[in-house]
Amino acid sequence: MSDEPNKGLRSPLRRKLLMGAAALPLVSILPRPSFGAGPATATVNTTGLAVTDTEVTVGILHSATGTMAISETGSIQAEKLAIEQINAAGGVLGRKIKFIQEDGASDWPTFAEKAKKLLVNDKVAAIMGCWTSASRKAVLPVVEQYNGMLYYPTFYEGLEQSKNVIYTGQEATQQILAGLNWIAKEKGAKSFFFIGSDYIWPRTSNKIARKHVENVLKGKVVGEEYYALGSTQFNSVINKIKLTKPDVIFTDVVGGSNVAFYKQLKAAGVDLSKQALLTISVTEDEIDGIGGENIAGAYACMKYFQSLDNANNKTFVPAFKKMWGEKTVIGDVTQAGYLGPWLWKLTCEKAGSFDVDKIAAASAGVEFKEAPEGYVRIHENHHLWSKTRVGRAKLDGQFELIFETADLIEPDPFPKGYQ
Amino acid sequence: MIINSRFFNRSELIGFVTLALLLFLILPLSLDAFRLNLVAKYLTYAFVAIGLVLCWGYGGILSLGQGMFFGLGGYCMAMFLKLEASSVENTKIQSTPGIPDFMDWNQITALPFFWKPFHSFPLTLLAIVLVPTLFAFIIGTAMFKRRVGGVYFAIITQAIAAILTILIVGQQGYTGGINGITDLRTLNGWDIRTDHAKFILYFVEVVLLFGCIVTAQFIRLTKLGRILVAMREQEDRVRFSGYSVANFKIFAFCAAAIFSAIGGALFTLEVGFMSPSFVGIVPSIEMVIYTAVGGRMSIFGAVYGSLLVNFAKTTLSESFPQLWLFGLGALFIAVVLAFPNGLSGIWADHVQSRIDRLISSIKRKSGGWTSNSVADGAPAE
Numbered sequence: 003m004s005d006e007p008n009k010g011l012r013s014p015l016r017r018k019l020l021m022g023a024a025a026l027p028l029v030s031i032l033p034r035p036s037f038g039a040g041p042a043t044a045t046v047n048t049t050g051l052a053v054t055d056t057e058v059t060v061g062i063l064h065s066a067t068g069t070m071a072i073s074e075t076g077s078i079q080a081e082k083l084a085i086e087q088i089n090a091a092g093g094v095l096g097r098k099i100k101f102i103q104e105d106g107a108s109d110w111p112t113f114a115e116k117a118k119k120l121l122v123n124d125k126v127a128a129i130m131g132c133w134t135s136a137s138r139k140a141v142l143p144v145v146e147q148y149n150g151m152l153y154y155p156t157f158y159e160g161l162e163q164s165k166n167v168i169y170t171g172q173e174a175t176q177q178i179l180a181g182l183n184w185i186a187k188e189k190g191a192k193s194f195f196f197i198g199s200d201y202i203w204p205r206t207s208n209k210i211a212r213k214h215v216e217n218v219l220k221g222k223v224v225g226e227e228y229y230a231l232g233s234t235q236f237n238s239v240i241n242k243i244k245l246t247k248p249d250v251i252f253t254d255v256v257g258g259s260n261v262a263f264y265k266q267l268k269a270a271g272v273d274l275s276k277q278a279l280l281t282i283s284v285t286e287d288e289i290d291g292i293g294g295e296n297i298a299g300a301y302a303c304m305k306y307f308q309s310l311d312n313a314n315n316k317t318f319v320p321a322f323k324k325m326w327g328e329k330t331v332i333g334d335v336t337q338a339g340y341l342g343p344w345l346w347k348l349t350c351e352k353a354g355s356f357d358v359d360k361i362a363a364a365s366a367g368v369e370f371k372e373a374p375e376g377y378v379r380i381h382e383n384h385h386l387w388s389k390t391r392v393g394r395a396k397l398d399g400q401f402e403l404i405f406e407t408a409d410l411i412e413p414d415p416f417p418k419g420y421q
Numbered sequence: 014m015i016i017n018s019r020f021f022n023r024s025e026l027i028g029f030v031t032l033a034l035l036l037f038l039i040l041p042l043s044l045d046a047f048r049l050n051l052v053a054k055y056l057t058y059a060f061v062a063i064g065l066v067l068c069w070g071y072g073g074i075l076s077l078g079q080g081m082f083f084g085l086g087g088y089c090m091a092m093f094l095k096l097e098a099s100s101v102e103n104t105k106i107q108s109t110p111g112i113p114d115f116m117d118w119n120q121i122t123a124l125p126f127f128w129k130p131f132h133s134f135p136l137t138l139l140a141i142v143l144v145p146t147l148f149a150f151i152i153g154t155a156m157f158k159r160r161v162g163g164v165y166f167a168i169i170t171q172a173i174a175a176i177l178t179i180l181i182v183g184q185q186g187y188t189g190g191i192n193g194i195t196d197l198r199t200l201n202g203w204d205i206r207t208d209h210a211k212f213i214l215y216f217v218e219v220v221l222l223f224g225c226i227v228t229a230q231f232i233r234l235t236k237l238g239r240i241l242v243a244m245r246e247q248e249d250r251v252r253f254s255g256y257s258v259a260n261f262k263i264f265a266f267c268a269a270a271i272f273s274a275i276g277g278a279l280f281t282l283e284v285g286f287m288s289p290s291f292v293g294i295v296p297s298i299e300m301v302i303y304t305a306v307g308g309r310m311s312i313f314g315a316v317y318g319s320l321l322v323n324f325a326k327t328t329l330s331e332s333f334p335q336l337w338l339f340g341l342g343a344l345f346i347a348v349v350l351a352f353p354n355g356l357s358g359i360w361a362d363h364v365q366s367r368i369d370r371l372i373s374s375i376k377r378k379s380g381g382w383t384s385n386s387v388a389d390g391a392p393a394e
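Going down the list, the protein sequences come from chains F and A.
So in the working numbering, spot 161 of the first sequence is number 163, and the numbers just go up one at a time.
So in the working numbering, spot 41 of the second sequence is number 54, and the numbers just go up one at a time.
Because the hints were derived from the structure by calculation, they are not lab data.
For glycine and all other residues, C-beta sits at the position ideal for the given N, C-alpha and C.
Careful, some of the hints might be misleading.
A short list of chain A residues far from chain F (calculated; beta carbon distances all over 12 Å) [claimed, not checked]:
1. L136
2. L139
3. T228
4. I302
5. L350
Once the Cα atoms are required to be at most 30 Å apart in a straight line, the calculated DSS-like pairs of lysine-lysine come out as [to be verified]:
6. F:K247 x F:K396
7. F:K213 x A:K105
8. A:K211 x F:K125
9. F:K165 x A:K54
10. F:K165 x A:K105
11. F:K82 x A:K326
12. A:K105 x F:K360
13. A:K54 x F:K125
Pulled a few chain F residues facing chain A out of the computed Cβ check, cut under 10 Å [said to hold, decoys possible]:
14. D105
15. D109
16. T112
17. A136
18. K139
19. P143
20. V144
21. E146
22. K209
23. Y228
24. L231
Using the sequences and the hints, build the whole thing.
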């Protein structure tokens with residue numbers, strides 16, 4: 003079996019793969035990775051998943067078209083990179099990962115339809131996918147009904163927990179509270195102005211932030227405004243900000259609206275080197291569109307920045323750029339997307355099986371020490387323990403790390419006192 | 014012009030039987046549960062397309078806002094299913110058990126008054142039909158009584174669809190916002206998510222679809238249908254002949270709204286959720302495209318158009334996740350440029366005429382009487 007060249011690893015792919023995986027020392031030990039040496043299919047797959055003696059199939063379900071494509075492309079790229087690296091290192095339980103990519107087309111029912119197709123027709127062992135909360139909400143009943151396993155990469159509002167989902171991004175309290183504590187302490191901030199896009203994630207995040215500001219930090223929220231998705235007129239709220247003079251502008255505006263918001267802020271003479279602004283929605287990907295000069299000086303609070311200075315990240319970033327081009331930037335969600343296939347692999351190996359029930363049960367406690375963000379571990383509630391970091395946007399579109407929590411923060415999707 | 018006394022002429026009868034065979038026998042026997050559920054989803058759009066044949070093809074009223082009626086019907090059904098799914102036991106982890114989860118996330122502590130009727134299934138069924146009709150009646154009365162028509166009417170319907178979307182997204186505590194109403198499970202205790210249930214729902218849907226086809230055919234054949242056509246061709250003459258043009262237009266618009274709403278309600282049952290992405294401008298225009306591809310004068314064409322476009326959407330996007338939208342765009346351009354009368358035009362020009370010629374030549378050979386089959390082939394509009 004192993005003296006036959008691997009079918010899926012022929013020329014162009016292999017070259018890319020070898021370059022991308024140069025960082026992995028295992029490659030030099032295994033010049034031609036061999037598959038099929040793992041445990042028998044009958045023992046690792048008792049539920050009829052798409053697993054053969056040499057291959058295991060997973061699904062990738064993101065928007066490759068439509069308004070969300072610009073955001074989700076990074077996740078697709080990261081997941082493909084992770085799958086190639088895992089294959090180069092010998093696959094999962096001796097089997098090469100084959101992926102089927104489906105397009106959710108930025109349309110929630112399409113996500114549900116494609117998730118069902120992946121689970122029912124293709125019998126995939128896991129799905130790496132979804133981005134917006136709305137797409138996850140559409141897919142969730144499907145993965146629960148057909149007992150699939152979804153690895154969801156985006157930071158999100160919490161208030162959800164499922165046996166069939168591993169949330170590799172941060173939930174709201176994990177992301178927000180440390181950032182608010184830091185800015186209150188460092189900047190002596192007492193008054194906050196909230197601006198968000200009008201849907202569930204910003205509203206829930208702001209609700210949590212408001213309770214924290216009022217009850218814990220004993221500060222004041224001087225304004226809270228929401229704009230429809232895709233909105234590009236922020237002049238009235240910018241005038242209100244200038245009138246109320248908050249210590250901190252706290253924003254969770256998403257997508258293309260960010261471009262208009264930061265440009266109008268700058269045009270109105272709000273200088274981000276003097277006016278503190280804390281965002282939880284702008285990653286390196288968004289700055290690509292906003293332009294570094296329009297947002298330099300703003301603080302962002304999340305778990306990963308491309309500029310993180312640790313050994314894992316120093317191999318991850320070049321590997322990503324090798325595969326997808328020098329100009330690509332890597333944001334928080336892209337990194338979380340990269341965690342999905344790896345966590346799944348590690349869980350499969352811990353469980354000794356691809357069966358979804360066994361993976362769901364074995365997930366708690368799985369740790370990934372090579373994570374670009376440092377180290378992550380899956381909590382019993384299927385979210386990740388992770389650190390929270392504050393970065394400051396620079397002119398070149400990168401963030402400079404200003405602060406990181408000393409310890410991993412426990413994920414708490416149903417936070418008491420914040421609902 | 015002589016009005017055909019038969020309900021279906023021969024070519025329509027062939028179309029009717031073919032469609033019945035296809036939907037009742039061929040598709041259920043040849044497709045697996047997953048694909049059949051997809052067909053069921055496509056067919057919900059056929060309801061809208063049939064409504065558009067009446068209102069746009071015959072009445073000449075182009076509405077670019079059918080998504081709002083589809084959505085209203087769908088939301089009525091979704092509200093009923095959501096209330097059933099949000100029983101106190103199912104929602105004990107919430108701060109206020111017994112209300113839908115998204116209300117709880119938005120700090121709403123009591124069920125809003127307009128949700129209360131949706132505890133009752135009969136009232137829900139009534140609402141699915143009445144709410145969109147009332148809405149269409151108000152829009153229709155406001156527009157047609159003032160003689161707003163043509164392209165202005167199309168633009169206004171589009172604007173109303175956009176406003177309704179913004180309203181639903183903005184009032185997320187009451188409507189579920191951009192996520193829509195999700196995680197629907199049972200209908201009067203019957204689990205609608207199983208393959209068995211989907212199979213039964215498919216047949217319920219096809220029966221309803223044929224109900225709509227027969228109704229549309231009935232409207233088309235009555236004097237009312239003739240007035241609609243006359244109105245489309247020469248509105249002023251109809252008005253000068255003493256007819257109240259506005260009332261007929263309102264009727265056609267309301268009928269199309271009811272068909273759309275039934276489609277929307279079935280969509281919620283088939284797919285298991287409803288969201289504002291079916292209400293706005295883009296889905297509304299897509300629905301017009303289904304009708305255009307099928308042929309806007311043909312009731313059967315509307316069904317085939319909805320099936321074909323959605324089937325193409327699914328298969329193209331499965332095979333080419335990055336490029337499929339271009340393929341779909343090319344399909345639309347090809348249809349409009351090469352076949353302005355859509356699928357039914359292709360059928361009438363290339364297939365139907367040959368069948369007619371064949372049949373009349375057989376008849377001529379076999380018997381004495383001359384055939385008038387070509388004359389009764391298609392109504393003269």
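Quiz item: Can we keep the F:K139 interface hint, with Cβ of chain A closer than 10 Å?
Solution: Where the cut-off is 10 Å and the nearest Cβ of chain A is about 5 Å from F:K139, the hint holds.
Compare the distance between the alpha carbons of F:K165 and A:K105 with 30 Å, and conclude whether the hinted pair is satisfied. 18 Å, holds
Over 12 Å to the closest beta carbon of chain F is the bar; see if A:L136 clears it. Nearest chain F Cβ is 25 Å from A:L136, so the label holds.
Against chain A, with CB atoms and a cut of 10 Å, does the hint on F:K209 hold up? 8 Å, holds
- Task: Let me know if the C-beta of F:T112 comes in closer than 10 Å to any C-beta of chain A, holds or violated.
- Result: Holds: closest Cβ of chain A sits about 8 Å from F:T112, inside 10 Å.
Given F:A136 was flagged as interface, is its beta-carbon under 10 Å from a beta-carbon of chain A? For F:A136, the interface hint holds, since the closest Cβ of chain A sits about 4 Å away, which is under 10 Å.
Q. Per the CB criterion, is F:V144 less than 10 Å away from chain A?
A. 8 Å, holds
Supplied contact hint for F:D105, tested at 10 Å Cβ to chain A: 4 Å, holds
Between F:K213 and A:K105, is the straight-line Cα distance small enough, at 30 Å or below?
Roughly 23 Å between the alpha carbons, so the hint for F:K213 and A:K105 holds.
Claimed clearance of chain F by A:L139, with the beta carbon kept past 12 Å: Holds: least Cβ distance 26 Å, greater than 12 Å.
Tell me if the straight-line CA distance from F:K247 to F:K396 falls inside 30 Å. 24 Å, holds
Subject >> A:L350 and chain F, when compared Cβ to Cβ, separated by more than 12 Å >> reply: 24 Å, holds
Consistency note: the structure conflicts with none of the earlier hints.
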